[in-house]
Amino acid sequence: MNEAKKCSIVVFSGDMDKQFAAFIIATTAAAMGMETSMFFTFWGLQALKKKGLKTGKGFFGRMLGFMFKDIEGVGPSKMNFGGIGRWMFKKMMKDKGVTSLVELRQTAIDLGVKLQPCQMSMEVMEITKEDLIDEAADPVGAAAYVLDAQQADITLFI
Amino acid sequence: MNEAKKCSIVVFSGDMDKQFAAFIIATTAAAMGMETSMFFTFWGLQALKKKGLKTGKGFFGRMLGFMFKDIEGVGPSKMNFGGIGRWMFKKMMKDKGVTSLVELRQTAIDLGVKLQPCQMSMEVMEITKEDLIDEAADPVGAAAYVLDAQQADITLFI
Amino acid sequence: MNEAKKCSIVVFSGDMDKQFAAFIIATTAAAMGMETSMFFTFWGLQALKKKGLKTGKGFFGRMLGFMFKDIEGVGPSKMNFGGIGRWMFKKMMKDKGVTSLVELRQTAIDLGVKLQPCQMSMEVMEITKEDLIDEAADPVGAAAYVLDAQQADITLFI
Numbered sequence: 008m009n010e011a012k013k014c015s016i017v018v019f020s021g022d023m024d025k026q027f028a029a030f031i032i033a034t035t036a037a038a039m040g041m042e043t044s045m046f047f048t049f050w051g052l053q054a055l056k057k058k059g060l061k062t063g064k065g066f067f068g069r070m071l072g073f074m075f076k077d078i079e080g081v082g083p084s085k086m087n088f089g090g091i092g093r094w095m096f097k098k099m100m101k102d103k104g105v106t107s108l109v110e111l112r113q114t115a116i117d118l119g120v121k122l123q124p125c126q127m128s129m130e131v132m133e134i135t136k137e138d139l140i141d142e143a144a145d146p147v148g149a150a151a152y153v154l155d156a157q158q159a160d161i162t163l164f165i
Numbered sequence: 008m009n010e011a012k013k014c015s016i017v018v019f020s021g022d023m024d025k026q027f028a029a030f031i032i033a034t035t036a037a038a039m040g041m042e043t044s045m046f047f048t049f050w051g052l053q054a055l056k057k058k059g060l061k062t063g064k065g066f067f068g069r070m071l072g073f074m075f076k077d078i079e080g081v082g083p084s085k086m087n088f089g090g091i092g093r094w095m096f097k098k099m100m101k102d103k104g105v106t107s108l109v110e111l112r113q114t115a116i117d118l119g120v121k122l123q124p125c126q127m128s129m130e131v132m133e134i135t136k137e138d139l140i141d142e143a144a145d146p147v148g149a150a151a152y153v154l155d156a157q158q159a160d161i162t163l164f165i
Numbered sequence: 008m009n010e011a012k013k014c015s016i017v018v019f020s021g022d023m024d025k026q027f028a029a030f031i032i033a034t035t036a037a038a039m040g041m042e043t044s045m046f047f048t049f050w051g052l053q054a055l056k057k058k059g060l061k062t063g064k065g066f067f068g069r070m071l072g073f074m075f076k077d078i079e080g081v082g083p084s085k086m087n088f089g090g091i092g093r094w095m096f097k098k099m100m101k102d103k104g105v106t107s108l109v110e111l112r113q114t115a116i117d118l119g120v121k122l123q124p125c126q127m128s129m130e131v132m133e134i135t136k137e138d139l140i141d142e143a144a145d146p147v148g149a150a151a152y153v154l155d156a157q158q159a160d161i162t163l164f165i
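Protein chains in written order, with this note's numbering: chain L, 8 to 165; chain P, 8 to 165; chain X, 8 to 165.
Careful, some of the hints might be misleading.
Same chains, same names: a pair is fine if it fits in one copy or spans any two.
No more than 27 Å apart at the CA atoms, straight line, and that leaves these computed lysine-lysine pairs for BS3-like [said to hold, decoys possible]:
id : residue 1 : residue 2
1  : LYS97     : LYS61
2  : LYS13     : LYS85
3  : LYS85     : LYS12
4  : LYS97     : LYS64
5  : LYS64     : LYS101
6  : LYS76     : LYS136
7  : LYS12     : LYS103
8  : LYS12     : LYS58
9  : LYS58     : LYS121
10 : LYS13     : LYS64
11 : LYS98     : LYS12
12 : LYS136    : LYS57
13 : LYS64     : LYS85
14 : LYS13     : LYS101
15 : LYS103    : LYS13
16 : LYS97     : LYS12
17 : LYS76     : LYS97
Bear in mind the hints are in silico, worked out from the structure with no lab data behind them. Predicted, not measured: the structure shown is a model, and the values here were computed from it.
With these hints in hand, go ahead and build the complete structure from the sequences.
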């Protein structure tokens with residue numbers, strides 16, 4: 008018997024629409040029986056941040072933390088217009104019966120998608136394990152990502 | 008005998024330069040005998056929009072439609088300067104004998120590249136099948152994309 | 008015995024943070040014994056530009072050259088604030104003991120990562136082989152990229 012097919016996605020972007028695409032592909036792949044991992048790095052880490060919490064300790068970390076949203080606060084890559092775009096997209100998605108980013112993340116968790124935060128980004132951006140949702144896996148390095156992606160049938164950088 | 012190699016590209020971006028890169032890779036792969044699919048989602052759908060036409064019915068859909076260009080109207084990801092960048096890039100490409108985005112799309116069609124629009128993006132953005140060029144394939148869901156990408160030797164998200 | 012696994016990365020982006028991610032993945036893959044190629048196209052070519060040099064001969068080429076930085080001059084995709092972001096990120100990375108982009112590129116060279124500039128982008132943007140660092144491979148076309156990516160176990164577009 009064949010092994011399960013595998014899907015490996017780097018989520019670099021913190022844009023709402025790109026994170027949406029990432030979670031749609033990941034949950035679809037997992038629902039189809041693929042072993043699926045998401046590796047969250049740089050701005051992508053916002054998808055795993057606990058709601059409300061401010062991150063960062065040093066001066067730069069705090070400045071960055073001010074811009075660093077959680078999954079409900081991220082805006083689209085185009086037409087954000089200082090937050091109106093985020094609201095508009097959310098409304099359009101809701102009107103069309105499309106599930107929200109938070110719900111998609113929950114579906115990913117329920118389907119066993121591995122949500123891996125990138126250790127180096129966390130260090131540079133002064134984000135601690137406590138800043139992330141409990142369902143996030145332990146932070147991993149680039150070698151763990153590469154090992155995973157080597158075996159994968161679908162590899163994407165989003 | 009081996010099966011043909013496969014190439015699967017998600018075109019998320021509506022930036023002229025990124026769409027250019029996507030079509031160059033797709034047409035090259037197809038010309039080399041690879042079975043090639045492009046899956047157009049979110050802003051990427053602009054590559055399949057009929058010229059001139061305005062999209063959207065509801066208030067938000069129409070607002071979005073105002074920003075939603077066709078393949079000749081998309082601008083580069085950097086240095087657009089309100090349209091000057093688009094013109095400059097087109098001129099530079101023409102001067103260097105590089106084919107245009109519309110011609111590249113036609114080459115993709117001639118080479119049998121599958122141009123698949125994402126159904127969910129179309130619903131959210133209020134884009135109908137009639138808004139897209141006739142050569143676009145029937146709209147497909149994420150599961151069709153994943154099935155395709157699973158079998159592919161090259162998988163990219165652009 | 009099995010062949011070495013392969014990793015193929017298109018570097019389209021000229022953003023400091025994305026180039027950083029690209030080089031981290033490439034050097035990690037190479038250090039783990041993977042045959043690794045990076046294909047630099049459009050804004051990504053900045054990673055291979057010689058320091059200081061201005062590119063471009065025609066009017067448009069020179070205009071573009073004015074915006075076309077080298078690897079030490081590229082800024083992050085978010086929060087650049089006219090250069091402050093670049094400085095801030097560099098400082099945060101240095102404070103955390105993370106290696107710089109120039110050092111990462113040198114590591115890539117030392118590990119035998121193939122640094123391939125895209126010929127067509129060079130022509131359109133009026134960048135010559137002399138504008139690029141000596142360690143860059145000879146410029147290649149899209150067909151060379153596709154051949155390489157076909158064989159690769161990890162394919163990414165960054």
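The hints, checked one at a time:
| no. | hint | verdict |
| --- | --- | --- |
| 1 | LYS97 with LYS61 | both (23 Å within a copy, 22 Å between copies) |
| 2 | LYS13 with LYS85 | neither (31 Å within a copy, 31 Å between copies) |
| 3 | LYS85 with LYS12 | neither (34 Å within a copy, 35 Å between copies) |
| 4 | LYS97 with LYS64 | between (32 Å within a copy, 17 Å between copies) |
| 5 | LYS64 with LYS101 | between (36 Å within a copy, 16 Å between copies) |
| 6 | LYS76 with LYS136 | within (16 Å within a copy, 36 Å between copies) |
| 7 | LYS12 with LYS103 | neither (31 Å within a copy, 37 Å between copies) |
| 8 | LYS12 with LYS58 | neither (33 Å within a copy, 40 Å between copies) |
| 9 | LYS58 with LYS121 | within (20 Å within a copy, 41 Å between copies) |
| 10 | LYS13 with LYS64 | neither (37 Å within a copy, 40 Å between copies) |
| 11 | LYS98 with LYS12 | neither (35 Å within a copy, 41 Å between copies) |
| 12 | LYS136 with LYS57 | within (10 Å within a copy, 40 Å between copies) |
| 13 | LYS64 with LYS85 | between (31 Å within a copy, 20 Å between copies) |
| 14 | LYS13 with LYS101 | neither (31 Å within a copy, 36 Å between copies) |
| 15 | LYS103 with LYS13 | neither (30 Å within a copy, 33 Å between copies) |
| 16 | LYS97 with LYS12 | neither (32 Å within a copy, 39 Å between copies) |
| 17 | LYS76 with LYS97 | both (16 Å within a copy, 22 Å between copies) |
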